[in-house]
Amino acid sequence: MDDKRAALMLAVLAITGAGVRYFLSPSPGTPPGDVRLQSSTATRPGGLQETARRAAQLARPLLPGERIDLDNADVSEITRLPHVGPALAQRIVAWRTEHGPFGSLARLDSVPGVGPKLLEAIRPFVVQP
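The opening position of the sequence shown corresponds to residue -17 in the working numbering, with each subsequent residue numbered one higher.
Please note: incorrect hints may appear among the correct ones.
Restraint ranges, calculated between C-beta atoms of paired labels, are given here [to be verified]:
#	residue 1	residue 2	range
1	D51	P98	19 to 25 Å
2	A69	A(-7)	18 to 24 Å
3	T79	Q31	55 to 61 Å
4	L30	G1	41 to 47 Å
5	M(-9)	P68	49 to 55 Å
6	E80	L30	31 to 37 Å
In short, the hints are calculated from the structure, not lab data. Values in this document were obtained by computation on a predicted structure and should not be read as measured data. All residues carry an ideal CB built from backbone N, CA and C; glycine is no exception.
Taking the hints into account, I'd like the entire structure generated from these sequences.
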């Protein structure tokens, strides 16, 4: 008899939980949280093409003769360097903002996560004064 009682109690709890969830859930017409829907007709002309062109440029790896100026490059440009991900690129830009331009590649070693091996890997792709 105890097994049947336990099964009945679990069924009642499951049905009660589903009912509470149904009554407390937002209506389908309102978006969840602080989401605000915007009209897709309010985009600037040519904005999508510009975004696609920029994404294609940033997605391709650097060519052997192409160089990046670490004193002026933004995070997305720095991530194009070999062995540099978005987190490291963000640390490089944050360090540059706080301490000023690097001036030389040797000073890049001051950024946490940058060591001698990384410096040698990116040396051919970085503008050096």
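To see whether the hints hold, each was checked on the structure:
| no. | hint | verdict |
| --- | --- | --- |
| 1 | D51 with P98: 19 to 25 Å | 21 Å, holds |
| 2 | A69 with A(-7): 18 to 24 Å | 49 Å, violated |
| 3 | T79 with Q31: 55 to 61 Å | 31 Å, violated |
| 4 | L30 with G1: 41 to 47 Å | 45 Å, holds |
| 5 | M(-9) with P68: 49 to 55 Å | 51 Å, holds |
| 6 | E80 with L30: 31 to 37 Å | 35 Å, holds |
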